[in-house]
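A.B. asks: Here are the chains, one letter per residue:
4 protein chains.
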Amino acid sequence: MIAVLKPNAAPEKEAELRQYMQSLGLTVQDIAGESTHMLGMAGDTSHLTPDMFARFDIVDHIVKVRESYKLANRRFHPDNTVIRCGNHVIGDGSLAVIAGPCSVESEEQILSIARDVARSGATFLRGGAFKPRSSPYAFQGMGMDGLELLKIARSKTGLPIVTELMDNSHLDAFEKYVDVIQIGARNMQNFSLLREVGRLKKPILLKRGLANTIDELLMAAEYLMAGGSFDIALCERGIRTFETATRNTLDLSAVPVLKAKTHLPVVVDPSHGTGHWELVEPMALAATAAGADGLIIEVHNTPHLALCDGAQSITPEVFHTLMDKLRRVHEAVNR
Amino acid sequence: MIAVLKPNAAPEKEAELRQYMQSLGLTVQDIAGESTHMLGMAGDTSHLTPDMFARFDIVDHIVKVRESYKLANRRFHPDNTVIRCGNHVIGDGSLAVIAGPCSVESEEQILSIARDVARSGATFLRGGAFKPRSSPYAFQGMGMDGLELLKIARSKTGLPIVTELMDNSHLDAFEKYVDVIQIGARNMQNFSLLREVGRLKKPILLKRGLANTIDELLMAAEYLMAGGSFDIALCERGIRTFETATRNTLDLSAVPVLKAKTHLPVVVDPSHGTGHWELVEPMALAATAAGADGLIIEVHNTPHLALCDGAQSITPEVFHTLMDKLRRVHEAVNR
Amino acid sequence: MIAVLKPNAAPEKEAELRQYMQSLGLTVQDIAGESTHMLGMAGDTSHLTPDMFARFDIVDHIVKVRESYKLANRRFHPDNTVIRCGNHVIGDGSLAVIAGPCSVESEEQILSIARDVARSGATFLRGGAFKPRSSPYAFQGMGMDGLELLKIARSKTGLPIVTELMDNSHLDAFEKYVDVIQIGARNMQNFSLLREVGRLKKPILLKRGLANTIDELLMAAEYLMAGGSFDIALCERGIRTFETATRNTLDLSAVPVLKAKTHLPVVVDPSHGTGHWELVEPMALAATAAGADGLIIEVHNTPHLALCDGAQSITPEVFHTLMDKLRRVHEAVNR
Amino acid sequence: MIAVLKPNAAPEKEAELRQYMQSLGLTVQDIAGESTHMLGMAGDTSHLTPDMFARFDIVDHIVKVRESYKLANRRFHPDNTVIRCGNHVIGDGSLAVIAGPCSVESEEQILSIARDVARSGATFLRGGAFKPRSSPYAFQGMGMDGLELLKIARSKTGLPIVTELMDNSHLDAFEKYVDVIQIGARNMQNFSLLREVGRLKKPILLKRGLANTIDELLMAAEYLMAGGSFDIALCERGIRTFETATRNTLDLSAVPVLKAKTHLPVVVDPSHGTGHWELVEPMALAATAAGADGLIIEVHNTPHLALCDGAQSITPEVFHTLMDKLRRVHEAVNR
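Protein chains in written order, with the numbering used here: chain F, 1 to 335; chain G, 1001 to 1335; chain Z, 2001 to 2335; chain X, 3001 to 3335.
Chain F extracted, bound-state conformation (with noise of 0.2 Å):
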């Protein structure tokens, strides 16, 4: 960290700045500049913030040299992650591909799809038990029944479950029945949840919130790693700008970005990323070329009469076609 300091700082000011960086246990260096003063600070500033200098009255603004996550960085930890469910993997240089229904609404509807893409390839099942919906009048989600649904489709296809946990409450049920455990968008800053889910060592597809940089994904794992949870997978899903002829504006640069700069893995979800399934297929194609380890894409048998995110789901026509695309892509750029 660098503390640049205002012009004509007054000397005693600027003992005791010095001091202060000192009793922290930090070693402290002049640094000049055009017509600038700077103090520079070595040591352990992985506790230290910003703030914690930025109110002495001589200081102009502070500089962060370093990232503040540890156990994400590549830096640290050059070797990949490499998840694996049984004989399904994320992160082996292999595409992964996740498929399924945005809400699980029945045995009949959840059976269904999951054997449809299973017989495609997909190699994860994806299903909404509990849903985050922005209007209290919209349908949550089945809860336990839907889980319940999911453990039925997994016995059936063999695919493990990746689901999304929204509260504190299901932690038990997560952590016997469901193989990854999903942290939506809107939770990915939502402290509590992270703190006691990094305990249960599982599987976690942790999503970037619609408002979130890429450091602070990374913050985001580094409190589910910091709680034991080394087996996470990274997901960019959209971001929102000021565009609104899709539902968010998908980040693919975060793909090579995120690679560059934490061994986890990273997935790709161009169903939330876009809002409308036409462009599904062109994103996940980009998403391939672009290096991601994987995809998140929904799925639906009727997606007219889907019970949330009809317009963005394909239906299983569509995707065992893309399925074989991805299939050649992926093998144009890892040739």
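In short, the hints are calculated from the structure, not lab data. Be a bit skeptical, because a hint or two may be false.
Among the chain F residues that face chain G by a calculated CB cut under 8 Å, a handful are [claimed, not checked]:
(1) P132
(2) N187
(3) S192
Below 20 Å or equal to it, Euclidean Cα-Cα: the simulated SDA-like pairs (lysine to any residue) are [said to hold, decoys possible]:
(4) F:K64 with X:Q3029
(5) F:K259 with Z:R2247
(6) X:K3006 with Z:H2276
(7) X:K3006 with F:H77
(8) Z:K2064 with G:V1004
(9) Z:K2070 with G:D1060
(10) G:K1325 with X:S3094
(11) G:K1006 with Z:K2064
(12) F:K6 with X:D3044
(13) X:K3006 with F:F76
(14) X:K3006 with F:V65
(15) F:K64 with G:F1139
(16) Z:K2006 with X:A3245
(17) Z:K2006 with X:H3304
(18) X:K3064 with Z:H2276
(19) G:K1064 with F:S135
(20) Z:K2261 with G:P1007
(21) Z:K2261 with G:H1061
(22) G:K1151 with G:E1175
(23) Z:K2201 with Z:P2160
(24) F:K13 with F:I62
(25) F:K261 with X:H3037
(26) G:K1325 with X:R3335
(27) G:K1261 with F:S134
(28) F:K261 with F:D92
(29) F:K6 with X:K3070
(30) Z:K2201 with Z:G2086
(31) G:K1070 with Z:D2060
Where is the CB? At the ideal position from N, CA and C, for every residue including glycine.
Position chains G, Z and X against the provided structure of chain F, taking the given hints into account.
C.D. replies: For chains G, Z and X alone, kept in the frame of chain F given last:
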């Protein structure tokens, strides 16, 4: 809701769509546009989502004409909501001022600040006991001990206390001890929390999420109101934009927009909204001139030693001067 | 266009509004909604703006149902526009690759790079002669001398040249010497420039502005087309968001969205879109997989000595390898 | 400027980088951080860009410590700039009010509005003769005839005129006839225009671009000042964000931020900043309370018939009442 059809929609497809609309209890009306055919739907559409129609092949897009919030809507509830905690009020035309430190740090600290802000005319005391922090390594608040210290500060000053709830496991304690429960920006769409807090029927300060629209803020309030809590103050605290000179971009036009759309009172947080203590005064004055019902301001006796948010906290002395100016501006706009 | 009326609109006010609509040659239709009354307008609304109706007291808001662009609209012009410069093409299903340095710096530099990229398979040569720079103290380009050097490079390699026009005073020179005139992101809504350039009837590469929506990009194209220029390639080059890990956020979903809305070809700029040379390859591959008609890529022989944009320029060697991968991905998605 | 090096940089590579820095006349200093090595550069860095160092292989990233603007920087020019047009002033502590229609539409219209706003206490007259319109089919302004009508209005009311320049071909006319030349938001980074206008040495109202940071606004001012124009008023007029309830998001914190960074006066445009006439009053009052030196407000005698921006124009009657409130608030904050 209006469905805009694609050109040359097949008549049998259109008949199918009409039938579906009618099956939902809606009256369907043909609307002619320039080279466009549309179907208008009349009836109760509050439980419907555009998605339900968007996926019919012949639909180009869906236009929503009306707001989804009912209980929070001024259209149906024209009279202002006034929140009362003993003699202290938000929403009656006076200017409520909620002041105090980011975090409770010690008995001495919270008592000293509480007395100072009370003396200067603050009407509520703020102070965090549970803190949402983006780093797992940063100070996370004093927890229940912090709540105890806030109770002491209330008993010494008479100021009702406003503090943030992060977790359903603290619902009982907050119900018993806290006057106004704060829902933080990062939890504005934590629907599990909203659902439970709504049942307490206590006054709530609901902060706008960093990436949430005004309509989404009103839908979050609708969650609380659907649970039975009607005393809700909405809080503008800055949104995330491309500008980095300030921590967030304080959207003051949200004040008059909200006052037109809802009967709930509106509070502004110039501390989080800007991130810099020098900007708190001008933005607090601006918020008052824009018609805010209240302000929430971070005050710390030794900002450079604060355990969080020191850079945006003002001292009791600066707060005292600010209160004078606020009174003058409030009077000037309300004369 | 539809006018949503306020509740309880006075009949005489409504009559006045209807009369005004009719005076503009529009047919007015009553539309019933849930507790809402609306007036639909049918007829030619292309010259009308919502503002014209929004200010009537009884109007709550105006809903626009149709796009404002006509000439650029695929709805009215279903066939793809194909741009030809001799043997070089944009928009015929092949992948056009426009490569070269940010700025022309010397004859040696531009010739060396032009030969390298031609050998690797680039189909157009880019190079700035006039440079928009955010600082008045930075290198502003070689001007007319740069244009001369581009002509020499074209004659040596056969590659058509793409270069940016910033000022109407250079119209004549660009008309005579340049194959594809580039309109930069910062000039996308410089309507004086658009009006004049449109009259030249030459191929144009129109870049999307940093804060411009897809619809505004299409309206800018409409300006050029209204002037008589129909050979326009639209260029996605990143938009401005809150994310700072990349220079801009490359909005690749704009590719399929544009392909659906317009018949004009779409080119992607992964260099400006990311600002980091390491990200150029993954995003170029992703753009190709998303269905782009072309790419524009900054290539420099000595990036660390480049007079501008060195951080985002790739070397001829990296470009050569990239071309191989691009061909493989292009083939994979178009098989 | 500081170069943060990658870990384990080869000594010979580091020597090469140092040599390059020294060849630019900079003094290089070693800086130690936590597991980080940095090179600080002291000397005149105003003509350097981070790009020049970013591409050396061993550089992780570049940190810029100082602003790039010099002439606009309060650090070097602490005294406020005061702009005078006869008796009318911007920046001397009074509140300048620039009022008038979006476009000049007829002699009767501009004279009527000019007299009304003068009577209510406006200090400058605004009115567009050349209009930047997003549609080529919309009204583009009266052009030179509009300029003539503004001159008549000035002679009848004594109000100096503020009007937008869009094109270098009108420089002579604007130099002769216009008191304050407006550079519109869409032209804030039209560097060809900035360069030419800067040479006129006339007062300029420079509007912030929709997606431009405060620092970029100051760099645009630097262009004008480098050309010799020092009487520049900066105008906050709303930035583009995800919120759609308002046309733009008026960033009022830009007012105190700019007042700290620069000596140039700051004007706020609540009309474009919000897009709704009902929001003009609260935001004009808020801007005044935030410390703005002036306001620019759209006033139209028959807003529902205005040829542009009718939705955001207030009537002369509303303007008259607003002026009273503005005086009260201005007095309250400056007492």
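A.B. asks: It remains to establish, for every hint, whether it holds in the given structure.
C.D. replies: Hints and how they fare:
1. Annotation: interface hint on F:P132 holds; nearest CB of chain G at approximately 5 Å, less than 8 Å.
2. For F:N187, the interface hint holds, the least distance from its beta-carbon to any beta-carbon of chain G being 6 Å, beneath 8 Å.
3. Given the 8 Å rule on beta carbons, the hint for F:S192 holds: about 4 Å separates it from the nearest Cβ of chain G.
4. About 18 Å separates the Cα atoms of F:K64 and X:Q3029, which keeps this hinted pair within 20 Å; it holds.
5. Straight-line distance between C-alpha atoms of F:K259 and Z:R2247 comes to about 17 Å, which keeps the hinted pair within the 20 Å bound.
6. Proximity of X:K3006 to Z:H2276 is assessed by CA-CA distance (about 16 Å); at most 20 Å being required, the pair is judged to hold.
7. At roughly 15 Å between alpha-carbon atoms, X:K3006 and F:H77 fall within 20 Å of each other, so this suggested pair holds.
8. As the CA atoms of Z:K2064 and G:V1004 are separated by approximately 11 Å, the hinted pair is consistent with the 20 Å bound.
9. Between Z:K2070 and G:D1060 the CA atoms are separated by roughly 17 Å; this keeps the pair inside 20 Å, and the hint holds.
10. A distance of roughly 18 Å separates the Cα atoms of G:K1325 and X:S3094; the hinted pair therefore holds under the 20 Å criterion.
11. Only pairs whose Cα atoms come within 20 Å are accepted, and G:K1006 paired with Z:K2064 is accepted, the gap being roughly 15 Å.
12. As the CA atoms of F:K6 and X:D3044 are separated by approximately 18 Å, the hinted pair is consistent with the 20 Å bound.
13. At roughly 13 Å between alpha-carbon atoms, X:K3006 and F:F76 fall within 20 Å of each other, so this suggested pair holds.
14. For a cut-off of 20 Å, the pair hint linking X:K3006 to F:V65 stands: about 12 Å separates their Cα positions.
15. For the given pair, F:K64 sits about 19 Å from G:F1139 by alpha-carbon distance, which is consistent with the 20 Å threshold.
16. Distance hint between Z:K2006 and X:A3245 is fulfilled; the C-alpha atoms sit about 17 Å from each other, no more than 20 Å.
17. The straight-line distance between the Cα atoms of Z:K2006 and X:H3304 is roughly 16 Å, inside the 20 Å bound, and the hint therefore holds.
18. Distance hint between X:K3064 and Z:H2276 is fulfilled; the C-alpha atoms sit about 17 Å from each other, no more than 20 Å.
19. Distance hint between G:K1064 and F:S135 is fulfilled; the C-alpha atoms sit about 15 Å from each other, no more than 20 Å.
20. Simply put, Z:K2261 and G:P1007 have alpha-carbon atoms about 14 Å apart, close enough for the 20 Å limit, and the pair holds.
21. As the CA atoms of Z:K2261 and G:H1061 are separated by approximately 13 Å, the hinted pair is consistent with the 20 Å bound.
22. Simply put, G:K1151 and G:E1175 have alpha-carbon atoms about 13 Å apart, close enough for the 20 Å limit, and the pair holds.
23. For the proposed pair Z:K2201 and Z:P2160, the alpha carbon gap of about 16 Å is at most 20 Å, so the pair holds.
24. Our distance criterion of 20 Å between C-alpha atoms is met by F:K13 and F:I62, whose separation comes to about 16 Å.
25. The straight-line distance between the Cα atoms of F:K261 and X:H3037 is roughly 18 Å, inside the 20 Å bound, and the hint therefore holds.
26. Distance check on the hinted pair: G:K1325 and X:R3335 sit about 9 Å apart at the alpha-carbon level, within 20 Å; holds.
27. Restraint check for G:K1261 and F:S134: satisfied, since their Cα atoms lie roughly 18 Å apart, inside the 20 Å limit.
28. For a cut-off of 20 Å, the pair hint linking F:K261 to F:D92 stands: about 17 Å separates their Cα positions.
29. Between F:K6 and X:K3070 the CA atoms are separated by roughly 16 Å; this keeps the pair inside 20 Å, and the hint holds.
30. Pair hint Z:K2201 plus Z:G2086 holds up; C-alpha atoms about 16 Å apart against a cutoff of 20 Å.
31. The suggested pairing of G:K1070 with Z:D2060 holds, with an alpha-carbon distance near 17 Å, which does not exceed 20 Å.
Comparing the model with each earlier hint shows no violations; every hint is respected.
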